[in-house]
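Engineer: Going line by line, the protein sequences match chains A and B.
When we follow my numbering, the leftmost residue of the first sequence carries the number 1, and every step to the right adds one.
When we follow my numbering, the leftmost residue of the second sequence carries the number 281, and every step to the right adds one.
These are computed hints drawn from the structure, not numbers from a lab.
Hints may contain errors.
What the hints assert, rightly or not - Pairs of lysine-lysine residues, derived as DSSO-like cross-links and limited to a Cα-Cα distance of at most 27 Å, are as follows: (1) Lys390(B) - Lys22(A); (2) Lys38(A) - Lys389(B); (3) Lys42(A) - Lys392(B); (4) Lys700(B) - Lys180(A); (5) Lys38(A) - Lys541(B); (6) Lys202(A) - Lys700(B); (7) Lys381(B) - Lys42(A); (8) Lys697(B) - Lys180(A); (9) Lys240(A) - Lys697(B); (10) Lys405(B) - Lys261(A); (11) Lys390(B) - Lys38(A); (12) Lys688(B) - Lys186(A); (13) Lys389(B) - Lys37(A); (14) Lys180(A) - Lys992(B); (15) Lys989(B) - Lys180(A); (16) Lys992(B) - Lys261(A); (17) Lys37(A) - Lys541(B); (18) Lys21(A) - Lys389(B); (19) Lys42(A) - Lys541(B); (20) Lys392(B) - Lys37(A); (21) Lys153(A) - Lys249(A); (22) Lys186(A) - Lys937(B); (23) Lys249(A) - Lys992(B); (24) Lys38(A) - Lys392(B); (25) Lys389(B) - Lys22(A); (26) Lys37(A) - Lys390(B); (27) Lys700(B) - Lys261(A); (28) Lys205(A) - Lys700(B); (29) Lys21(A) - Lys390(B).
What the hints assert, rightly or not - Covered by chain A, per the in silico footprint, the following chain B stretches (three or more residues, Cβ under 8 Å): (30) 870-882; (31) 979-993.
In this text, a Cβ means the ideal position worked out from N, Cα and C, and glycines have one as well.
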Amino acid sequence: MQFNKPKDLNELLENLSISQKKNYFLAGGTDINVQIKKEFIKDGNFYYINEIDELNGIKRKNEKVHVGALTTYRELLESDTISEHFPFLQRSLTNFASPLLTTMATIGGNIANGSPTNDVTPPLLVLDAELELISVAGIRNVSLTSFFTGYKKSLLKKDEIIKGVVLSIQAENGYETLYKKVGARKTLTIAKVALAGLKKIKEGKIDEIKLAVGSLNEYPRRLDKLEEYLNNIMIRDINKNTIDEILSKEITPISDLRSDKEYRYRVCLNLILSFLGINH
Amino acid sequence: MGSVRKFDSKPKINGSWKFLDDYQSEDMIYGNIIYSKCHHGIIKDIHFPNDFNISEFTFVYAKDIPGENIVPEPVSDQLFLAVNEVFHYGQPIIGVAHPNKVTLTNFIKKIKIDYEELPAIIDIKECLDNEKNHFGREITIDHRTRDEIQNSWIRHHNVYYMPHQEQAYLEPQGVIAEYDKQDGIIFVRITAQCPYYVKSGVESMMGSAVNDVVIETSEGIGGAFGGKEDFPSLLAGICSLLSYKSGKPVKIVLDREDDIKITTKRHPARIEIESYTDPATKKIEKIDIDYRLDAGAYQTLSPVVLARGVLHTAGGYGFPDSFIRGRLFRSNTPPNGAFRGFGAPQGFAAMEAHIDGIAAEMDITTIELRKANIFNNGDEFPTTQKVTEENLIDCFNKVLEISDYQKKLKSYAQWNKNHKDKKGIGVSLGFHGGGFTGNGEKTLNSEIKVVLEKNAEVKIFVANTDMGQGAHTTLAQMFCEAIDHPFEKTKVQLPNTSKTPNSGPTVASRTIYIIGNLLKQLALELKKKYKFDKLESYIIEHNSEFPLELRKNYIQPTSVFFDEESYRGIAYKDYSWAACVNEIYFHADTYQIELIESWNVLDIGRVVNEQIALGQAEGGILQGLAYGLSEFFYKPGFGRMSGFTDYTLPTTLDIPKIVIEFIHTDSVTAKGLGEIPMDFPAPALRNAFLNATGIIIDEYPLTPEVIYKTIKEQK
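Throw the hints in and build the complete structure from the sequences for me.
Structural biologist: Have a look at this one:
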């Protein structure tokens with residue numbers, strides 16, 4: 001294990017471009033320290049990035065808000081910009097973790113860690129968030145929906161780091177919203193099921209709906225097929241069985257010490273039906 | 281005197297008091313246990329990693345034990361260190377020490393042990409459902425008075441399962457042993473409840489190799505809840521042997537993961553109840569209880585838990601005809617041990633659920649049924665002990681009143697008709713016997729010592745530990761209050777087996793009830809003998825007679841006799857009483873129970889320090905709520921948990937509003953308090969869920985997964 005403390009973003013990117021080993025970024029340390037202790041990570045190059053200013057801060061540019069990767073959850077919860085434009089996102093993070101963790105954990109770290117249960121991704125997915133990835137070759141933007149490619153796998157290249165999350169100012173404007181994290185306790189818990197949703201309903205018809213789930217697949221994802229079925233449908237025409245059928249193909253919950261796959265599936269279905277206002 | 285400030289508040293807040301891991305000395309080395317990762321097997325080979333300098337390590341094996349390889353317990357069947365065969369995951373095989381803690385940890389991680397695996401039982405139901413797994417002494421309480429069952433009586437029969445529970449003390453298990461070669465003395469510093477248990481543990485381990493063993497606790501003990509009753513004896517034994525062999529002070533502090541994996545838990549239980557109720561009188565005429573505990577691989581102190589369990593499981597009801605059978609069952613898991621309640625929470629979880637089950641089956645209210653059967657003056661326990669007071673009825677009536685039970689019951693039934701989510705309210709009640717079971721206090725013959733100094737300072741010497749529960753403050757208060765002595769002029773000696781006499785273990789809700797009342801008696805006797813108005817003035821006037829040392833032993837009244845064979849007689853001299861009402865909100869989409877409010881009325885007799893008593897009650901209620909709601913340690917197919925990420929202790933956000941009221945506080949005796957708050961919240965929660973949904977669940981805890989499964993199976 002090698003520990004590095006680059007003085008700025010350029011030095012970090014230079015280091016990454018020549019690194020021979022797997023790179024790990026130490027920011028809040030809330031995930032990575034656990035993984036080192038449990039020996040999931042045994043070797044690699046570690047970069048302490050907490051003092052790299054270019055990765056920090058919440059900034060508004062025209063119709064976009066840029067949230068630096070190092071932004072902590074405490075900062076998100078206290079930010080006026082977030083409160084003004086993304087109250088739904090802010091509410092979603094209320095019981096994210098203990099005050100200690102919230103103060104240390106960063107949005108970039110939470111996404112990069114790629115856990116299937118990570119809490120911030122489902123609400124960001126329905127907000128159509130983009131990620132800015134940076135390397136010596138420059139910046140590229142990818143949509144969060146395409147970022148994850150498998151269990152703890154993503155589009156992030158070996159020499160890249162997440163620079164920030166980009167949100168459109170209108171992302172949650174005019175929608176009815178839902179965020180539900182179901183865990184074994186109200187906070188300090190790993191989600192058994194997480195569901196985020198945005199909807200616009202006009203005269204009994206779904207104008208637009210966006211749904212994203214966590215803890216139910218190898219990575220948090222949008223429910224594309226279900227959205228496809230639900231968009232532009234009259235609520236009274238919605239068939240519960242069709243939802244069930246589509247959902248069963250879009251989520252693959254597992255049983256573990258924390259919960260059972262049957263329970264996870266059913267709760268996800270119940271939450272979706274309730275969000276749509278369908279009796280069940 | 282009321283709520284005086286605890287002795288330990290200030291030094292704990294300013295950090296001046298040491299917890300076990302805070303003690304350091306220059307030549308101290310670090311020890312740990314190499315334990316079995318096999319549930320049952322023969323040890324074939326042990327491979328040490330070859331990239332360490334083995335000569336830097338100290339190892340102790342079973343063969344190195346100079347005394348006996350047996351941990352002293354009520355049934356001494358557990359080994360300090362395994363010999364050839366291991367009987368459970370977590371069984372210690374080798375003690376090891378090294379000057380560097382990190383090196384030690386890395387070394388232990390790389391050790392490989394080969395086993396020839398043998399059949400093992402780790403599943404709770406597999407253990408408890410199979411009568412072949414029974415071991416140890418069977419207890420029966422036979423109070424059968426009738427032969428015939430009348431046709432009109434309604435039979436209700438059910439099996440209830442209760443899970444493990446982890447004590448989750450803040451400070452993990454830890455010990456420092458220091459062998460003084462010159463004098464042949466082992467000095468042990470430990471975070472533990474029972475210094476004299478630890479002493480006999482180390483003496484068993486060391487035999488005649490040492491001249492003396494002295495145990496002293498750390499200044500701060502970061503919680504115990506029963507978890508530091510017997511396991512410390514095992515840990516101290518191994519640590520002492522490491523110090524003896526290395527010639528250095530050795531410190532062992534268990535990592536949280538090891539602590540959770542290998543130390544004792546509350547016993548999982550299977551309780552089967554069959555009852556017959558007369559529909560005309562609503563009187564339960566006959567009851568038969570089969571009470572089983574999963575003891576783990578060894579019996580250790582489980583027979584004592586079993587004894588308390590069978591003596592409590594029939595609940596606070598005057599059954600004219602009862603039969604109770606109690607048995608321990610063997611599994612290949614670490615021995616289960618003490619945890620606040622000690623067999624009683626399991627018993628009440630089953631019995632109080634059963635009462636609501638009967639009411640549901642007969643379509644009468646649980647209140648009617650309880651009122652028809654609750655202990656009245658003159659009723660008998662299954663042991664034939666007479667009930668001599670109606671304080672349980674008072675607790676019950678009071679809790680119904682302060683929770684506004686009847687009104688809520690009606691309004692929620694109405695609300696539930698129009699809502700998918702459900703509201704519910706549930707009740708439970710019962711008792712907890714103070715002090716050791718049966719003739720236990722007689723055998724203990726606890727001794728206390730008080731020294732009156734020339735400056736009128738009172739020094740109290742008892743072996744009972746203050747693990748955060750405020751025992752030392754309350755004990756001092758009891759002495760002072762009896763003779764109106766200023767509290768500031770009192771000190772309590774840190775428990776040390778060479779200084780404090782054996783006043784027994786800090787368990788069984790006995791510290792205030794037995795030792796506190798003994799201190800009070802001593803103070804009153806002193807006053808009577810020297811005929812003083814104020815002790816302080818007396819000491820000034822008769823200064824040459826001081827310092828004065830006084831001792832007193834607890835003498836069990838001759839009226840208290842318990843027949844350990846037939847289980848008849850006075851099982852406990854004094855009982856504390858309690859009743860609990862819990863209100864819940866059931867979320868239909870997620871199958872989650874949300875706790876809304878918990879009302880608890882307790883009769884613990886005189887309340888010495890109200891603030892401390894409220895703290896004790898609140899903590900116990902919380903542990904009880906979580907026992908019913910979320911805590912489990914083992915899941916079939918997925919094994920046992922290893923940390924707090926999965927083991928679901930509630931957080932502050934999960935805690936409902938808790939209302940506590942003490943009644944009959946003008947009584948003379950301060951009775952047991954430590955355990956009773958834990959006994960009733962779980963069944964009251966379960967009964968509230970039944971009230972909300974009409975769904976019967978007989979398995980604790982009521983996790984959303986269990987609820988979903990039950991609903992699905994009912995459809």
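Engineer: If a hint holds in the structure, say so; if it doesn't, say that too.
Structural biologist: Okay, the hints, checked on the actual structure:
1. Lys390(B) - Lys22(A): holds (24 Å)
2. Lys38(A) - Lys389(B): holds (11 Å)
3. Lys42(A) - Lys392(B): holds (19 Å)
4. Lys700(B) - Lys180(A): OK: Lys700(B) and Lys180(A) at ~18 Å, within 27 Å.
5. Lys38(A) - Lys541(B): holds (15 Å)
6. Lys202(A) - Lys700(B): With Cα atoms ~26 Å apart, Lys202(A) and Lys700(B) stay inside 27 Å; holds.
7. Lys381(B) - Lys42(A): holds (19 Å)
8. Lys697(B) - Lys180(A): Since the Cα atoms of Lys697(B) and Lys180(A) sit roughly 26 Å apart, the hinted pair holds (cutoff 27 Å).
9. Lys240(A) - Lys697(B): holds (24 Å)
10. Lys405(B) - Lys261(A): Holds, at about 22 Å.
11. Lys390(B) - Lys38(A): holds (14 Å)
12. Lys688(B) - Lys186(A): holds (26 Å)
13. Lys389(B) - Lys37(A): holds (12 Å)
14. Lys180(A) - Lys992(B): holds (23 Å)
15. Lys989(B) - Lys180(A): holds (21 Å)
16. Lys992(B) - Lys261(A): holds (14 Å)
17. Lys37(A) - Lys541(B): With Cα atoms ~17 Å apart, Lys37(A) and Lys541(B) stay inside 27 Å; holds.
18. Lys21(A) - Lys389(B): Given that 27 Å is the threshold and the Cα spacing comes to 24 Å, the pair holds.
19. Lys42(A) - Lys541(B): Given that 27 Å is the threshold and the Cα spacing comes to 24 Å, the pair holds.
20. Lys392(B) - Lys37(A): holds (19 Å)
21. Lys153(A) - Lys249(A): Cα-Cα ~21 Å, so holds.
22. Lys186(A) - Lys937(B): Given that 27 Å is the threshold and the Cα spacing comes to 15 Å, the pair holds.
23. Lys249(A) - Lys992(B): Since the Cα atoms of Lys249(A) and Lys992(B) sit roughly 21 Å apart, the hinted pair holds (cutoff 27 Å).
24. Lys38(A) - Lys392(B): Since the Cα atoms of Lys38(A) and Lys392(B) sit roughly 18 Å apart, the hinted pair holds (cutoff 27 Å).
25. Lys389(B) - Lys22(A): holds (24 Å)
26. Lys37(A) - Lys390(B): holds (15 Å)
27. Lys700(B) - Lys261(A): holds (23 Å)
28. Lys205(A) - Lys700(B): Since the Cα atoms of Lys205(A) and Lys700(B) sit roughly 24 Å apart, the hinted pair holds (cutoff 27 Å).
29. Lys21(A) - Lys390(B): Holds, at roughly 24 Å.
30. 870-882: holds (count 3)
31. 979-993: Result for this restraint: holds, n = 6.
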